[in-house]
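Residue numbers (my numbering), protein chains in the order written: chain A, 22 to 295; chain B, 7 to 381.
Worth flagging that the hints you see were computed from the coordinates, not collected in a lab.
Ideal Cβ positions, reconstructed from N, Cα and C, are used throughout, including at glycine.
Among these hints, one or two may not hold up.
[What the hints assert, rightly or not] In silico negatives: residues of chain B with every beta carbon more than 10 Å from chain A:
(1) Arg74
(2) Glu75
(3) Glu111
(4) Ala309
(5) Trp354
[To be verified] Under 10 Å between C-beta atoms, here's a sample of chain B residues computed to sit facing chain A:
(6) Gly73
(7) Thr77
(8) Pro80
(9) Leu173
(10) Leu175
(11) Lys176
(12) Leu177
(13) Lys179
(14) Gly183
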Amino acid sequence: MRLRAHPVAGALALAVVGFLWVPILAVAVNSINQNSLMISWGGATAHWYARALDDPNVRSGLTTTIEIALGSTLLSLVIAVSGALWWRRASARARAVYDATVYARIILPEVVFATALFFLFLKTHFPLGVAAIIIGHSVWNSAYAAVIIQARLVGLDPAIEEAAADLGATPWRAFRRVTFAALLPAIIAGGLLTFTFSFDDVVTSYFLGGNSATPLPLVLFGMIRFRITPEINAIGVMVMLFTVTLMGVAVAVFALAGSAGRGRRAALAEFYGR
Amino acid sequence: MSGESSVRLSGVEKRFGELVAVRSLDLDIAAGEFFSIIGPSGCGKTTTLRMIAGFERPTRGTVEIAGREVTGLPPYRRPVNTVFQSYALFPHLDVFENVAFGLREAHVPRAELRRRAAAAIGLARLGGRERARPSQLSGGQQQRVALARALVNRPEVLLLDEPLGALDLKLRKEMQGQLKDLQREVGITFVYVTHDQEEAFSMSDRVAVMDHGQLEQVGRPEDVYRRPMTPFVASFVGLANQLAGRITGPAPGGRYQVDLDHLGRRRAHGPPGLAAGTPVSVVVRPEDLRLTPAADTQAGPAAATVVDAAFLGAHRTVRLDAGALGQLVAIGQGQSAVAPDDKVVLSWADDDAWAVPAAAEDEAAENGAAEGEAR
Chain A
22 MRLRAHPVAG
32 ALALAVVGFL
42 WVPILAVAVN
52 SINQNSLMIS
62 WGGATAHWYA
72 RALDDPNVRS
82 GLTTTIEIAL
92 GSTLLSLVIA
102 VSGALWWRRA
112 SARARAVYDA
122 TVYARIILPE
132 VVFATALFFL
142 FLKTHFPLGV
152 AAIIIGHSVW
162 NSAYAAVIIQ
172 ARLVGLDPAI
182 EEAAADLGAT
192 PWRAFRRVTF
202 AALLPAIIAG
212 GLLTFTFSFD
222 DVVTSYFLGG
232 NSATPLPLVL
242 FGMIRFRITP
252 EINAIGVMVM
262 LFTVTLMGVA
272 VAVFALAGSA
282 GRGRRAALAE
292 FYGR
Chain B
7 MSGESSVRLS
17 GVEKRFGELV
27 AVRSLDLDIA
37 AGEFFSIIGP
47 SGCGKTTTLR
57 MIAGFERPTR
67 GTVEIAGREV
77 TGLPPYRRPV
87 NTVFQSYALF
97 PHLDVFENVA
107 FGLREAHVPR
117 AELRRRAAAA
127 IGLARLGGRE
137 RARPSQLSGG
147 QQQRVALARA
157 LVNRPEVLLL
167 DEPLGALDLK
177 LRKEMQGQLK
187 DLQREVGITF
197 VYVTHDQEEA
207 FSMSDRVAVM
217 DHGQLEQVGR
227 PEDVYRRPMT
237 PFVASFVGLA
247 NQLAGRITGP
257 APGGRYQVDL
267 DHLGRRRAHG
277 PPGLAAGTPV
287 SVVVRPEDLR
297 LTPAADTQAG
307 PAAATVVDAA
317 FLGAHRTVRL
327 DAGALGQLVA
337 IGQGQSAVAP
347 DDKVVLSWAD
357 DDAWAVPAAA
367 EDEAAENGAA
377 EGEAR
């Protein structure tokens, strides 16, 4: 109805939706296409999924990718959280310097960091591979996580830690029950983002993987150069489903945590039992 | 517990680098007392409260709570709880969990925890809002959560740092009454910090007045108002007309003979031990100043011109230009007859005049490194 009301805007919107979804739809359709050349529809099959899951290159690529994504997420969150906590008590000048380093890691081209780290690792004889990629991803991932976590931290009343101490919490308990707990939504959001970024990274992984580590995007890249098969489409669909599921789980966890109903307690008349 | 004393500060001093926030403070707060610390911002009242809570460690001196020395103890090991100016509610926890926070830290058994938290929530009139997040509550409700969260732990002392500062006037007045009732009900010692003298007076058993890190006076609100010990207290606590003069000697009834500039010999009460020749400031409260219409051009030294008469409902405030005596203020119901530019003659009863040593003002104003005068 609104499309009819604004024909130009409606056409544009349709075009955008089309450009976004048609390729994805094509991937999904071809992933179950019996026609291995994907020239025409040859009937539905789950064959390519089975083949993708059986492919040792794909399996090891996936394992490597998850290892890297988990490692980089963890490292990034530790860097971002400790940085944010330091930031809160830092002087204005120190904050400005810190912020500049964070934004530099977001703005500067990934390929710059990748080549720089590549040369650094060569000079220092640091082995290229999973660990090197984790470090490489964490360069920018920690910056994204820092931005998200700091945004939440700024909104927190600094007095809540004192309030926790006042109510009997030791510094560690106060951190765990108040500061960390209050930051948790931001930490989870930052974690999901960094995991996803790491999951589909090509540039940094390509430079720092050496011969020993080939994450899934590089496996796909290699396969495409050889030949485009329905198997690649099947992998794409699975990756997509995995990411969407991850997001769905996160949203569900949030919703549950928010409305954890433990029943309402009736206010008692007496206050002091002693 | 050691009998009467709930909080005792002995020779407490707090320095932040060069700045002396609190100097040589001795304070003894009795158990069950509603005690307020008032003063302008930067006078050291909040620092004092934070030293009792344990957020600041005194540079010198000791802090005792319920007869036990706690000077070196961190906040989480002290039997006190605080209501913060910003409330400092935990944004990720609902009302119930905010209130139950201290009980969980103290490992109170589950059934008792529920009972006590529910009771505190009921006491704060928050029943039905247990599952609300702080962000979903009004300012007044948040304030009551902060109160319930502190009281539920049954502290020896409850510390309140300008707890009503963020509320609007009407709610503020309402909460003042409720706080006083609450304190009477639970019998806990309240130490209340505010810059609002009226608020402190309306609730407190005793009031301490601070200025520039210095304790100026401690006493019942009426005593502090009627018998200020320093010109600062006289001017900070309510409105005061201050007339310069000099003690000339004792007078019957524990009073003094005072030679007031421009006015001559008068009598006034004052703190004991004022020697002849001491420069004083004689305080006459606005409600004690009587105005009589001047007959024609009677231009005595106590003559004044009405500058402005403001009608404030229950009473009327009259601003006066008293020539060499400066600007004065009179408040009362009987002042209704005067209008701007009226000539009036000022008078007051000797019993309503109170002499304060004027020299102390210079000391307080300079406020160097020197330790303060007697209180």
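Mind listing which of the numbered hints don't hold for this structure, in increasing order? 3, 6, 7, 9, 10, 11, 12, 13, 14
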